Structures are given as C-alpha cells and as structure tokens.
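Asks: Based on the sequences and whatever the hints tell you, model everything.
As you go down the protein sequences, you meet chains A and B in turn. For what it's worth, the numbering used here labels the leading residue of the first sequence as 1, then goes sequentially. For what it's worth, the numbering used here labels the leading residue of the second sequence as 1, then goes sequentially.
Be aware that one or more of the hints could be misleading.
Unchecked claim - Dumping the calculated BS3-like pairs for lysine-lysine here, alpha-carbon to alpha-carbon at most 27 Å:
1) B:Lys11 with A:Lys104
2) A:Lys13 with B:Lys71
3) A:Lys93 with B:Lys66
4) B:Lys35 with A:Lys63
5) B:Lys38 with A:Lys149
6) A:Lys13 with B:Lys11
7) A:Lys104 with A:Lys34
8) B:Lys71 with B:Lys35
What the hints assert, rightly or not - Selected chain B positions facing chain A (Cβ under 8 Å, derived; list incomplete):
9) Pro19
10) Ser41
11) Asn61
12) Met64
13) Glu65
Source of the hints: derived by calculation from the structure; they are not laboratory data. Keep in mind that this is a model prediction, so the values were computed, not measured. For each residue, glycine too, the CB sits at the ideal point set by N, CA and C.
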Amino acid sequence: MIGNDIVDLELAKIESNWRRPGYLNKIFTSFEQKLINEAKNPTLMVWLLWSMKEASYKIYATKTGIRSFAPTQLACESLNLNTSQAEGTIHIKNELFYTKSEIKPSFIHSLAATKRVDLPKISTAIYTHPNWLINYKTTGPKCVSHHGKYLALIY
Amino acid sequence: MNKEEIINRLKPIISTYAPASEALDEINEETDFIKDLKINSANLVDIILDVEEEFNIEIDNASMEKMLTVKASIEVILSKITKE
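Replies: Following this line, the structure appears as structure tokens:
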C-alpha cells in the first residue's frame, strides 16, 4: 500500500506557528525534536517530518480502519536528508512504513509505502492551482493530497 | 459545566481554524473537525492547546487521540474538569 502528503510551505507559514509553546511536544517524539533543534532549517524539518507522518497515517488508517489523532505514535526512526530529497522510516504500533520525500523551495511532497521496493515504482503528478486536473478522480489515483495551491496524486 | 456551555466555549476556538462553511454555522456534537469542518490536521494541535488554556486542563496524548469530533472533545473536557 502507498500514501502521500503535500505541504504548501507558504501556506504552512501562515496557518501554523510551530514555535508556539507546547506545540512540538504534542506532535513530535524526542528523537524528532532533536532533529528539528539540530536542523539548519528547523521549519523545513518540521514540515518534512509532518508530511512523512501524514503520508504513513493515510496507509495506516486505510489498512486498519482506525481514525485517531496521535502524531507522536507515528514515530520517525531514521532519516537521510540531503538538500532536495529525504528517505526515512515511520513506525506505528507494529507497522513500519518507508518514506521518500521531495523538497522544493515552495513545497514538500512525501511518499510512504509498506514495502521499500514499492517506493521507486510510484509515479507522482503535482498540479498547481489554478491548473489543477479537474477530473482527477477518473484517473484512479492510489492516494490524493491537497494543501494550499497544490494537488498531488500518486499512482 | 454542562455540554451546552462547553460547546459555546469551544465554538470560538474552532472557528479560528475552520474555513467558513455551513457545517461551522451549524456546529453540534456530531461535527467532525476534519471531515465536516475541513480543519487542517496541523491545526488540530492548536485547537488542543487552546482548549487546554480555555478550560485550564492538561490533555495527555491518549485523550488527544480521540479528539476528532466535538462530542469526543466534550467528553475529554468533562472528564478532566471533574478530576480537578
């Protein structure tokens, strides 16, 4: 199974103040908070980890039928980051998800998969408002994510 | 404090993070934050933090997990208030 999540970084800046006291503790594990504190660009790290968790949660919720808001339970266990890409793992209960993220100046798009070999097989289409694909549902995407001006589809 | 009072104190908090909609105007116990109000999940944390301040309670992660609807939020708030 596969999942995705896109974060419009401009909108995230307006919508969320992650520096608000108490905010990080509600979402991130101590390992993740360490990654954020030590990052050259902490804001980017916040949204990278967030999108990895969300992409993984979509698979988890579909697979188990469980809806919950437990961001600290979706725990990043490893992360390899360079300037434009990241690969990592997210662990929840007894499930492990593999993630791959694309980092652009204006958005972060993360993919998650139950099997690592499935990640390179995913094809991605990202549309920017107003040029969204109108009838995107008819194209049969495996997962859909939209945030701000972006629409991201994976197949 | 009864459910109605709690809903009345929750409304302004929720409205801060929800786009204008019919569901927001008609907010009730059955309202789902994400499905009905289209609240961004990153803002759910802000709602939780605002609720903690408004009701002077601490919401642990196990309680937060359930807070996807108005009804679940009321239950969490009531259980915390009675404890204190």
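Asks: It remains to establish, for every hint, whether it holds in the given structure.
Replies: These are the hints, each one checked on the structure:
1. Between B:Lys11 and A:Lys104 the alpha-carbon distance is near 36 Å, which puts this suggested pair outside the 27 Å criterion.
2. With a CA separation close to 30 Å, the supplied pair A:Lys13 and B:Lys71 exceeds the 27 Å bound.
3. Of the pairs offered as hints, the one joining A:Lys93 and B:Lys66 holds, with about 17 Å between alpha carbons and a cut-off of 27 Å not exceeded.
4. A hinted pair counts as satisfied when its Cα atoms are at most 27 Å apart, and B:Lys35 with A:Lys63 qualifies at roughly 19 Å.
5. With a C-alpha separation of about 16 Å, the suggested pairing of B:Lys38 with A:Lys149 holds against the 27 Å cut-off.
6. Under the criterion of a C-alpha separation no larger than 27 Å, the hint pairing A:Lys13 with B:Lys11 is consistent with the structure, at around 24 Å.
7. Among the hinted pairs, A:Lys104 with A:Lys34 is consistent with the structure: their alpha-carbon atoms are about 23 Å apart, no more than 27 Å.
8. At most 27 Å may separate the alpha-carbon atoms for a hinted pair to count; B:Lys71 and B:Lys35 meet this at roughly 14 Å.
9. Interface restraint check for B:Pro19: the shortest CB-CB distance to chain A comes to about 11 Å, outside 8 Å, so the restraint is violated.
10. For B:Ser41, the suggested interface contact is upheld, since its CB lies about 7 Å from the closest CB of chain A, less than 8 Å.
11. Hint on B:Asn61 holds. Least Cβ distance to chain A is approximately 6 Å, under the 8 Å limit.
12. The restraint placing B:Met64 at the interface with chain A holds, with a minimum CB-CB distance near 6 Å, inside the 8 Å limit.
13. Here the hint on B:Glu65 is kept, as its CB sits about 4 Å from the closest CB of chain A, short of 8 Å.
Going through the hint list in order, the structure does not satisfy hints 1, 2 and 9.
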